[in-house]
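Given chain A, put chain B in place with the hints provided.
So you can see what is in the structure, the chains are spelled out below.
There are 2 protein chains.
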Amino acid sequence: MKLKVYADRLSQPSRAVLIFCKINGIDFEEFKVDLSKRQHLSPEFKEINPMAQVPAIVDGRFKLFESHAILIYLACAFPGVADHWYPADLFRRAKINSVLDWHHSNLRRGSATFVLNTVLAPALGLQKNPQAAAEAEKILYASFARIESFWLQGKGRFLLGGLQPSIADLSLVCEIMQLEVLDEKDRNRILGPHKKVMQWVEDTKNATKPHFDEMHAVLFRAKERFQKQRLMEANSDGETSQKSSLRSKM
Amino acid sequence: MKLKVYADRLSQPSRAVLIFCKINGIDFEEFKVDLSKRQHLSPEFKEINPMAQVPAIVDGRFKLFESHAILIYLACAFPGVADHWYPADLFRRAKINSVLDWHHSNLRRGSATFVLNTVLAPALGLQKNPQAAAEAEKILYASFARIESFWLQGKGRFLLGGLQPSIADLSLVCEIMQLEVLDEKDRNRILGPHKKVMQWVEDTKNATKPHFDEMHAVLFRAKERFQKQRLMEANSDGETSQKSSLRSKM
Numbered sequence: 003m004k005l006k007v008y009a010d011r012l013s014q015p016s017r018a019v020l021i022f023c024k025i026n027g028i029d030f031e032e033f034k035v036d037l038s039k040r041q042h043l044s045p046e047f048k049e050i051n052p053m054a055q056v057p058a059i060v061d062g063r064f065k066l067f068e069s070h071a072i073l074i075y076l077a078c079a080f081p082g083v084a085d086h087w088y089p090a091d092l093f094r095r096a097k098i099n100s101v102l103d104w105h106h107s108n109l110r111r112g113s114a115t116f117v118l119n120t121v122l123a124p125a126l127g128l129q130k131n132p133q134a135a136a137e138a139e140k141i142l143y144a145s146f147a148r149i150e151s152f153w154l155q156g157k158g159r160f161l162l163g164g165l166q167p168s169i170a171d172l173s174l175v176c177e178i179m180q181l182e183v184l185d186e187k188d189r190n191r192i193l194g195p196h197k198k199v200m201q202w203v204e205d206t207k208n209a210t211k212p213h214f215d216e217m218h219a220v221l222f223r224a225k226e227r228f229q230k231q232r233l234m235e236a237n238s239d240g241e242t243s244q245k246s247s248l249r250s251k252m
Numbered sequence: 003m004k005l006k007v008y009a010d011r012l013s014q015p016s017r018a019v020l021i022f023c024k025i026n027g028i029d030f031e032e033f034k035v036d037l038s039k040r041q042h043l044s045p046e047f048k049e050i051n052p053m054a055q056v057p058a059i060v061d062g063r064f065k066l067f068e069s070h071a072i073l074i075y076l077a078c079a080f081p082g083v084a085d086h087w088y089p090a091d092l093f094r095r096a097k098i099n100s101v102l103d104w105h106h107s108n109l110r111r112g113s114a115t116f117v118l119n120t121v122l123a124p125a126l127g128l129q130k131n132p133q134a135a136a137e138a139e140k141i142l143y144a145s146f147a148r149i150e151s152f153w154l155q156g157k158g159r160f161l162l163g164g165l166q167p168s169i170a171d172l173s174l175v176c177e178i179m180q181l182e183v184l185d186e187k188d189r190n191r192i193l194g195p196h197k198k199v200m201q202w203v204e205d206t207k208n209a210t211k212p213h214f215d216e217m218h219a220v221l222f223r224a225k226e227r228f229q230k231q232r233l234m235e236a237n238s239d240g241e242t243s244q245k246s247s248l249r250s251k252m
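From first to last, the protein sequence lines stand for chains A and B.
For the first sequence, my numbering begins at 3 and goes up steadily by one.
For the second sequence, my numbering begins at 3 and goes up steadily by one.
No wet-lab data here; the hints were simulated from the structure.
Check the hints yourself; a few may be wrong.
A pair counts as met if it fits within one copy or between any two copies, since identical chains are not told apart.
Pairs of lysine-lysine residues, derived as BS3-like cross-links and limited to a Cα-Cα distance of at most 27 Å, are as follows [as the list claims (entries may be wrong)]:
hint : residue 1 : residue 2
1    : LYS157    : LYS187
2    : LYS130    : LYS140
3    : LYS230    : LYS130
4    : LYS157    : LYS34
5    : LYS140    : LYS48
6    : LYS48     : LYS197
7    : LYS157    : LYS65
8    : LYS48     : LYS198
9    : LYS197    : LYS207
10   : LYS6      : LYS207
11   : LYS39     : LYS140
12   : LYS198    : LYS65
13   : LYS157    : LYS48
Bear in mind that the values here come from a model prediction, so they are computed numbers and not experimental data.
With the rest of the complex left out, here is chain A (with noise of 0.2 Å):
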């Protein structure tokens, strides 16, 4: 019985699965929970995962949800994954399990509480906080400069001094991949002093063509409503300031 995957590609685990898949090879089908309409809510869904979050698999009759626990059961289960992804040397395998755990409270954190309170709080209809979008920023801002002074240490183009990725690299560069649905100033403002991060970026998309492009095709078209969204509000309210402004003439 082929893998189940249950996923959103708007959701960065999400995409770290299925490119992880696609790229090893490993023989699954793709099931939508489309999270704008809600379907992770669904008492189906919630059969899969009670928590309500993508990603989730279904390998036959084993359930499991959370991104790095699967990541790290399909490096294990499937015989074809190539050691890299998540090797079996013991110390290998601490260090990316120590980047996993970190990831959660730092990088993680920060762009998940800035890409909400900026973005995606007014398409959900949600009130934004300024206030934690500023320490969201900063989590993320300090969040890179560990990246590039620590974690991107090392012989290699990859997490921990790697010479090809790991599930590490994919679980992070989704993250951040994430900063795409930002305004362009905001996303250059924290991302763009982080020259070595943004090489690595690079690095890892070109290591997993073309399925990374194809996994993250959803989130650039994403992206471009989001940049139409504020020009039409921009223009609005350069209109609403224009006719306060002839109000305040009158």
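Showing chain B alone in chain A's frame:
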């Protein structure tokens, strides 16, 4: 060469690692990194862990931080560790990884943010953020509900229906113990309704005797200090309000 564990017993992940070493008879040396004296920020400690956080270990030439990664490493690297802590079975191991990942963005996030913005901030000379505390309380309460309705479902007394504890039980229970430093009425409001969680904490404590109590002794002393401090503040507030009420009568 003995394993070196860098820890402060007032930190919940430090205690999880120390209890794990003790109960599994791992020969180790504990190096105290006193967080209240900001020793984690010293150049010496940053040589061990550039992220300046406890716990961290040094095993021969190998350095590692992030408590979940450390627990997994120790369970795999030391042959005397019983299988139930981190089973070799792929499926059970994957489920434990899933709990540990979930912990980061749920229980850990709620607990750390709530304790910081109620008890710790004043002690550290920082400003409390009541909005952050209120949001953290929601996350914490929801996390307990999830532990009861999902993670503690099953035959055994431990997470995932285990008959004996795993590293996930140890990590999550040490996190919950941190709530001991809270004002009793806060702790009872959040933890009180979750009887199953409280029983599981008790079961984990009993399964890791006497090391659990030994490693938590310092937390109970901190609890007493915080209680005294609150009492003094309440008294001085009482005096202030008496004085001001006297003043208003004058």
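So, going through the hints one by one against the coordinates:
| no. | hint | result |
| --- | --- | --- |
| 1 | LYS157 / LYS187 | neither (33 Å within a copy, 54 Å between copies) |
| 2 | LYS130 / LYS140 | both (17 Å within a copy, 18 Å between copies) |
| 3 | LYS230 / LYS130 | within (19 Å within a copy, 39 Å between copies) |
| 4 | LYS157 / LYS34 | neither (39 Å within a copy, 33 Å between copies) |
| 5 | LYS140 / LYS48 | between (34 Å within a copy, 21 Å between copies) |
| 6 | LYS48 / LYS197 | between (41 Å within a copy, 24 Å between copies) |
| 7 | LYS157 / LYS65 | between (38 Å within a copy, 18 Å between copies) |
| 8 | LYS48 / LYS198 | between (40 Å within a copy, 22 Å between copies) |
| 9 | LYS197 / LYS207 | within (15 Å within a copy, 48 Å between copies) |
| 10 | LYS6 / LYS207 | within (24 Å within a copy, 39 Å between copies) |
| 11 | LYS39 / LYS140 | between (32 Å within a copy, 25 Å between copies) |
| 12 | LYS198 / LYS65 | between (37 Å within a copy, 24 Å between copies) |
| 13 | LYS157 / LYS48 | between (44 Å within a copy, 21 Å between copies) |
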